[in-house]
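Novice: Here's the letter readout for the chains.
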Amino acid sequence: MTTACLTFRDLTLGYGSHPAVHHLSGEVLKGSLTAVVGANGSGKSTLLKGIVGVLEPMAGSCTVAPGTRIAYLPQLSELDRSFPARVVYLVSLGLWPKRGLLGRITAEDRATVARAISAVGLEGFEGRSLDTLSGGQLQRALFARVLVQDAELILLDEPFNAVDTKTVADLVALIGRWHGEKRTVIVVAHDLDLVRRAFPETLLLARRPVAWGRTAETLHPENLLRARRFDEAWHDDAPWCEPDEHEHPGGHDHSHEHGHSHGHDHGHVHHDHAHNGASRPPAA
Amino acid sequence: MYDLLVGPFVEFAFMQRALAGSLMLSLAACPVGVFLMLRRMSLTGDAMAHAILPGAAAGFLLYGLEIVPMTIGGLIAGVVVALGAGAVSRFTLQKEDASMAAFYLISLALGVLIVSLRGSSVDLMHVLFGSVLALNDDALTLIALISGTTLLTLFVFWRALVAECLDPLFLRSVSRLGTPVHFIFLGLVVLNLVGGFQALGTLLSVGLMMLPAAAARFWTSRVEPMCALAIAIGFASCIAGLLLSYHAALPSGPAIILSAGVVYLASVLFGSRGVVRARLAHHRHRTA
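Protein chains in written order, with the numbering used here: chain H, 76 to 359; chain R, 272 to 559.
One should not assume that every hint holds.
Stated by the list, open to error - Just some of the chain R residues that point at chain H, by a computed CB distance under 7 angstroms:
id: 1; residue: Arg430
id: 2; residue: Asp438
id: 3; residue: Arg443
id: 4; residue: Ser444
id: 5; residue: Val445
id: 6; residue: Arg493
id: 7; residue: Pro496
Please keep in mind that the hints were generated in silico from the structure rather than gathered at the bench. Where is the CB? At the ideal position from N, CA and C, for every residue including glycine.
Model the full assembly from the supplied sequences, consistent with the hints where possible.
Specialist: Rendered as structure tokens:
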């Protein structure tokens, strides 16, 4: 029996008093490959921040299985490309979990870094400074850093933005390789065709989770339509979310019955296939 | 030639002290300046320099022109402002530039107020502009301690400092050191400014920190050589400034900083990443 790598219990994440991820419950199984999709502002990036721990939950919890190393690739904006560093240095940052502040970088570590750089097709770029890289090259370098991190749980936030098709294909192949190595991978993506092709599991977010499970079922037109109806704006006069307001009759155990889930307008992940996918609601 | 360049340092003990003090200051302050610049906090150094004034002034008010109380006072004021501004920026929506400006202006006003309670304007001039030619044993010991502490701290936290500059969110995702390193770094800035104010004054001590760093940026695109080069530029500026001050009877602090300023302007123009090279390089291009 595979076990959970990541467990959400009624997780609400947000900014100020406004939720960006609203009441998410469920599990991500070890070794699963999940795409997170949804409109802009639907809480995809926020969810990853919550998993990494950069953002504290407003309510509920997000538990990572003990001993799990996390590699997190945020959207590009926080990287300072004008910083005088070379590609090899950026990739070597991935050694941090292993070597920390003062650990000695061994010849083997350097070989690991060199292998990672060649795995993303950046041989010959080692000595280039970051401000001379194109967007796609930088993204490859960041993937190489994730490779070096050698993490069990890999979180990628919109890694395919502004990247050409060949690079996307290469990066997707890398993600497939991680999946083959039984690592747990969660990727925020926009391209639904790509998601259908390359990701077995999908979580569809519209602040609250709309659907979560096998990609083909999650990306059912009916679900997509419901996700599209979501109102992106925050309302300062929105009513407070009371604990009992989102609870289904029958308590807090989230044991949804199969097949009757689409009628609710407010609430939890609705699984029509709860036990055959890689993700599932918490044990009932 | 000997009389021009070496003589003054051999003949006069006060010149030797000034040289030793200013070289030790460069050794620590220049790498700190490089990181200030790379973190786009160049003006933060300037703000911090103003911020240490009330502490130094309070020490001066209570004990007169004594190096130890003034230094401790300056340290306390600097740390309060750095922590206050840093905390406001980390825990509220306001960015560090605005919170730093607010805190240092409050601090500066307080400092001027305290100095004016006692003292003539000559005293104020001394606190503001220092005198590297009057460094006593206490001052030299203090500068040596500050310099050693700074270099050791930089050595230990080097990797975290670089990571925090390059990709702060990555550091936060793999380590809890991000926030502590930021405050440790601000602490080093305060420490070096306080170390410099006896020699150069509160206003100009930031000059020895920033100008060599800003100049070094035009010569290299890697952090380690940049720090080494900044230190070398700092050394050269101190020696040139002291000689200039000796031969032309100019105040020593401004002479040192102006020497660094000349190196900076020359680097802007003629550095390997400077204006002239950039113009020349564009005449020809390669096929790939």
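Novice: Each of the hints needs a verdict: does it hold here or not?
Specialist: Going through the hints against the structure:
Taking 7 angstroms as the C-beta contact cut-off toward chain H, the hint placing Arg430(R) at the interface holds, the least distance being around 6 angstroms. The restraint placing Asp438(R) at the interface with chain H holds, with a minimum CB-CB distance near 5 angstroms, inside the 7 angstroms limit. Interface restraint check: Arg443(R) against chain H, minimum CB-CB distance 6 angstroms, threshold 7 angstroms, status holds. A cut of 7 angstroms between beta carbons decides the hint on Ser444(R): the least distance to chain H is about 4 angstroms, and the hint holds.
Of the supplied interface hints, the one on Val445(R) holds, with its beta-carbon coming within about 5 angstroms of a beta-carbon of chain H, less than 7 angstroms. With a cut of 7 angstroms, the hint placing Arg493(R) at the interface with chain H holds, because the nearest CB-to-CB distance is about 6 angstroms. Interface hint status for Pro496(R): violated, as the beta-carbon distance to the closest one in chain H is roughly 9 angstroms, over 7 angstroms.
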